[in-house]
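The listed protein sequences correspond, in order, to chains A and B. Residue numbers for the first sequence follow numbering that gives the first Met the number 0, so the first one is 0 and each next one is one higher. Residue numbers for the second sequence follow numbering that gives the first Met the number 0, so the first one is 0 and each next one is one higher.
No lab work stands behind these hints, which were simulated from the structure alone. Just so you know, these numbers come straight off a predicted model, no measurement behind them. Virtual Cβ for every residue (Gly too), placed ideally from N, Cα, C.
A few chain B residues that don't get close to chain A, going by computed Cβ distances all over 12 Å:
(1) K13
(2) E316
(3) E384
The list that follows gives simulated cross-link-like pairs (lysine-lysine, DSS-like), each with its CA atoms no further than 27 Å apart:
(4) B/K264 with A/K219
(5) B/K260 with A/K219
(6) B/K260 with B/K305
Restraint-style ranges between C-beta atoms, simulated for each label pair:
(7) A/T155 with B/A223: 56 to 66 Å
(8) A/R31 with B/D46: 35 to 45 Å
(9) B/T269 with A/D44: 22 to 32 Å
(10) A/P132 with B/W42: 22 to 32 Å
(11) B/K17 with A/S259: 35 to 45 Å
(12) A/I119 with B/D46: 31 to 41 Å
(13) A/S259 with B/M308: 53 to 63 Å
(14) B/P175 with A/G115: 40 to 50 Å
(15) A/G99 with B/K17: 43 to 53 Å
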Amino acid sequence: MRDIAIVSFVQSDCVRDAGAQNEVELIMPVLRKALDAAGIQSAQDVDFTCSGSCDYLQGAAFAFVSGVDPLGAVPPIKESHVEMDAAWALYEAVLKITMGQAESALVYGFGKSSPGELPIVLSQQLDPYYMAPLWLDSISTAALQARTMLDNGDITEKDMAEVVARSRKNAKSNPHAQLKGDVSVDELLAEPTYLSPLRKHDCCPVSDGACAMVVATVEKAKEWGKPYAVLKGIDHRIESHNFGARDLTQSPSTQAAAKSAGVANGPVEVAEIYAPFSHQEIILKRALGLGDDTVVNPSGGVLAGNLMMASGLSRIGEVAMRIIRGDIKRGIAHATSGHALQQNLVAVLEEA
Amino acid sequence: MADLAAVVGIGQTKYQTKRKDVSIAGLVREAAFNALTDAGLTWDDIDAVVVGKAPDMFEGGIMPELYLTDALGCNGKPMLRVHTAGSVGGSTAIVAASYVQSGMFKRVLTVTYEKQSESNAMWALSNAQPFSPHLNAGAGGFFAPIIREYMRRTNAPYDVGLKVATKDRLHGARNPLAHLQLPNITMKEVEDSPMLWEPLRFLESCPSSDGACALVISNEELAAQSPKKPAWIRGAAMRSEPTMYAGREQVNPQAGIDCAKDVYKQAGITDPRKDLDCAEIYVPFSWYEPMWLENLGFADVGQGWKLTMEGATSLDEKGDIPWNCSGGVLSSNPIGASGMIRFAEAARQVRGDAGDHQVDGAKLAMGHAYGGGAQFFAMWVVGSEKA
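Can you build the whole structure from these sequences, using the hints too?
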């Protein structure tokens, strides 16, 4: 791939229930801000637009169709959509820019999870013949994973609580976070279990919201005269859908994607990791090969607020904005999809 | 400049009402395996997989590519899932091609499918939405008023739809994979079938099919090693416009016009009727043939129906620009795959591998898909030569 400039990124607040707001109302504000930050007017001013969303969250067969309405797509635009987290929409934009068909792209993701019971809805992500009829929800599969790790002696419940305490603390500086504050590990461990061995705080909250990003070739970003972060590498891999065939305590797909994206080619100052459950951050930190000198999830991560279908792109955006602001020179971001970390994406970002 | 890419393997299932012998995974694996066999390859030769299908609500599985990864030999590889409504079969092929055209991958597998026997498309397309007007009509009910407006504007005779419905089924009878096999169909029989959505009769509408379609797309170097003739991707384009806006032209959508212009420019086409040897165009309801003939520039506005009535689009009448030689969407409609079948059948034609529905000496062919309320378009042009 060629170097891609991330010019702007905007995320909405994570809210438990966006009420009567529809897709357009969720997307429009972040879109406007992301376009303004890049100094452009609408989707007419980029060569390609791609979004990520999931019809089932809103409960409509073509929920993403409404996503086109805020774009100003008259005259018609070059546009595509993935039924995945918008991090994969960014991946499609990277392909288009690398092949020379686009010099700039708008990427956005949105999710309104509040209309349904998210963990139950996500049970229908499983094998439709053998697993989905059991209504095994996304918290249950994560609990199986955590239980395996605890039984193996890989982690302790205290390790999990430490992840949560740090997330809440870091989220205090994130205006978009849903859950934040100072909580001690002892306080967290005193909470009852929710779905053993997980406590409620080990699970990400349910949130509504959206995010948007403008990317371009480095030449185009320079022409725009805007500061930017450089996407140096991006790759994603998937693993078997059969839990029984996987070692749930490891993430070989993350490891492979990290290798191919070039995580180890330099120091990792910051890592934004999409870990919807506390123990998964530990699995992912190991798979990404991160040491103690890397600051993990300075935004609080998704334990502080999880915009389904947008959180992955948000992780990349969080790192990009830290680079653009000059806080760091190099960082990595991770996105996940499916139950128990089945599919993973890794991106490497550097200063210009 | 984009790298060259070519279709080196094509795999389809037989299209039929119910494939009770296979699961969804079995269905997609069958198409994928057929494509690999056609390309003389195995699962290990594939660098990435791109899956497409129409809304998840059809079969009721969320992001089913997660479940299909094992069946598609994708474990440890990149998997991407495209969803652009009915145009998805075409968009998915275009996204898969960009994996190779970007130079980031050498050879990818792309698969699209629908198992309509395990779904209820009418329900999924018609359920009430909290924030938009409720259309309790399905796709036919949505498009019928637009067709009536086309008839009003053009004064086209009432039997144009009957002719298209008959012609595409006669084409389909030449294609053993086609769902509907109606070798003796007549315009009278179409006319006598029940009226569903005025002016669309039962036999003027596409069937509900189970089926999957797969392509293997490779770079120039690997295409040269391919056992069968490659179909070179000479142009690919997508366009979208909003579903509803003041002044939207629904009979002749601007997104379709722009998308066609873009793909013709890439492929060096100035007169599509003359320059192309045949086309596979997404016609799920009979009247969309004359409407798309105009939208895609094969005929002037208001004149499309004349081409149809003259037999210009018919293989049996030796027309100069046969459309949907495979039988088209009117003969087989596994929704998510229907666009890719168009793209694949265009590739079969330029590979000279289309069996009894082959257009003699076809060198340049077009594949087309549209979706939603005809606001999403995907098109490609494939050729027997690189340029």
